[in-house]
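Generate the whole structure from the sequences, applying the supplied hints.
Protein chains in written order, with this note's numbering: chain B, 1 to 92; chain Y, 1001 to 1645.
Don't read these hints as lab results, they were simulated from the structure. Where hints are given, some of them may not hold.
Claimed, not checked - Label pairs and their in silico Cβ distance ranges:
#1 Y:A1128 with B:E52: 20 to 26 Å
#2 B:R34 with Y:L1121: 47 to 53 Å
#3 Y:V1029 with B:E52: 23 to 29 Å
#4 Y:T1311 with B:G61: 44 to 50 Å
#5 Y:A1078 with B:G74: 55 to 61 Å
Think of the CB as a built atom: it goes at the ideal place given N, C-alpha and C, for glycine as much as any other residue.
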Amino acid sequence: MIKGRHWLAIWLVALLAALWAVIARQTASLNAARALTDLRAQRAGLEGRRDELERRIRTAGSRAVLLPRAERLGLRLPADTEIILIPVSPPR
Amino acid sequence: MAKPAVRLGVVQIGLLAALAALVLRAAQVQLVEGRRHAAEAAAQRTERVVLEARRGMLSDRHGTALALTQETYHVGIAPNELRDPRGDAPLLARRLRLAPRELDRALRRRYAWFAGPYTSLDVQPLRAVRGVHLEAVLRRFYPSAEFARAVIGRVGDDGLGASGLERLLDSLLSGTPGAAVVLKDRAGREYESPARVIAEPTPGHDVVLTLDAELQEIAQRALDDALDRMDAEGGDVVMLDPVTGEVLAVASRHRDGTARPSAFTETFEPGSLAKIFAAAALLEHGRVRAAERVSGEGGSYRMPGRPTPLTDEHPLPSLTLADAIRVSSNIALAKFAARLKPDEQYETLRAFGVGAPTGIEFPAEAQGKLRLPSEWTGPSSTSLAIGYELSVTPLQLAAAYGAIANDGVLLQPTLIREVRDPSGAVRYRHRPEPVRRAVTPQVAARLRDLLRGVVEAGGTGERAALANFQLAAKTGTARRVVDGRYAPGQYTASFAALFPADDPQLVVVMKIDNPQKGSYFAAQTAAPVTRSMLEQALAARTVALDRARLSNVAPTAERAPLEEPDGVVPYVVSVPYAPDSTRAQPARAVPDVTGRGLREAARTLHRRGFRVVVKGWGVVHHSWPAAGASAAAGSTVTLFAEPRP
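Okay, here's the thing in structure tokens:
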């Protein structure tokens, strides 16, 4: 037969277990939130980096940058006489 | 003194009364005022925050991003939370782009706040610094800041579109903000705990514009160079696909540095560019025969009812309508146009869209000016025939010339090609929208023939002529109106071209305001610049030209033989197969290139319309198919090379 103090102990253990479960869940959710925030920040960082690289590529590949450099190398834009379009026959 | 039992009874009654009061008060707090207290508690401990929706992306027709949304940050620093203020200061100053003294001053405050906005790259190293608080904000980012700036527009500080397409498409781009509830501590600071999301934000739609990034760059650069070289006040370029009405490029520049979309919003008198509309009216109403001639009057002629004489720069003794367009004769056009009734002239101009907004999706488009015939004065008919007493935007002109290219059907120009929802599904795709038939297909073809003559030898637009592709075009040099009056010595040079003349794929309209260095005539200013733009467009690989259709149009002249080397390597553009626009090519003989260098041999084969594959190195030993054999144009000839002896 379980005596009064045993009941008390059982209730105490149950209470501690419930508290531990609550704290564990909160800790896990906080950790998950932190990880999510870090991931969001990481993604934003990568997106920012991508945008910046895209901007630099766009600038570097623009005619304003390329044409003067090409001209310094003795290159130039082709005249229309130097552009040959090869007609393609439709497949049989 | 009462008995103890009585006293005990009183105490019990008192306790019961106190308990009852407590219960009643509790009931009042919990049951009667419970909601109010709960709301107050929630307000103290929680905060409802708006979750910004990511604004949709604007891209060009090939998917190149033109405007996108980026996460940026405001930075707050609590100096008392910094672990090592002196040690952190250099990093903070560098990342926040502040002078050390400036940062030092800011850190003396209780809380320093820097609006920035700083990019995620800027703030990445600051995330680990205790005492630094980041506040994320979404910001509009333009990878090429000057790319079609006036057309794309900008977003205001409130995050809403402030100008251009950003403003017009705001409801599509902006999306729907979400909401979340976050927990706060006593000081009002947010707990680092997951927020309760009430509504997820819905990102805005992505909009694919009709602009072609490469053509746009060609147009902007050509315009910039031309205006600098000619010391002009400003100018515009519009490029349009006449088959779909899609605007491929639009550039505007002004000496005062303002980014005004003047191609859409500012009008000018087109001068000789409008002569083709008078010709259209004459042909549509059968008022002129092809061989009919009028006198050139020696270059000066006083029209009845017109105070000043009409003059021609390069007079011819007599002119047909084709001659009048080719040399842009004011006298001949005025004489021919006198055969038209005012209503006929007006209706034709109106049919080409003069005096009415085109309907393009752009805020504040100008509609131009075309008065009703009842408001005309004596010389109005003549003036309208040579492009005065009416005003148009460069876009209206491009649309009108587009109608000539499109067998007489005027299309509504557009800047929007597609609208995609956040999941990527296409919600809208542009289809050509005919406004009306301006002229019959036969008249449109005849008008293209007239315009073709302008670019031939002796025409005013011959400096725009391309060697391998026919062009149909018109020059216009008109007196410039400033503050409602013709400014002495000021002109607007303009040029409209259909490329190529057969089966046009591109309408180009270029306008240069008041060129001051060198000639002010369009023939010497806008025409060669247009030619340069077309050459660049041909050489660009990604430009929205259907090269399969281009390869089938009639060349200007027989291509020059390649036997004499000129030190130039042809730039060969491969043509993707397009079954709707290619047609069978006749077979032709494979030239004999045995013994020639690889470069020269490849060039010879390219000129004859063959693709080339090279095996080996040095000089050509033999080819497959062999020299003299018959092969279809566009097929591959393999060159087998051996080292030079």
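So, going through the hints one by one against the coordinates:
1. In this structure, A1128 (chain Y) and E52 (chain B) meet the distance hint of 20 to 26 Å, their C-beta atoms being roughly 21 Å apart.
2. Between R34 (chain B) and L1121 (chain Y) the beta carbon distance is about 22 Å. The supplied range of 47 to 53 Å is therefore violated.
3. Take V1029 (chain Y) and E52 (chain B): their Cβ atoms lie about 57 Å apart, and the range 23 to 29 Å is violated.
4. Remark: the range hint 44 to 50 Å for T1311 (chain Y) to G61 (chain B) is upheld by a beta-carbon distance near 49 Å.
5. Checked against the given bound of 55 to 61 Å, the beta carbons of A1078 (chain Y) and G74 (chain B), roughly 60 Å apart, stay inside it.
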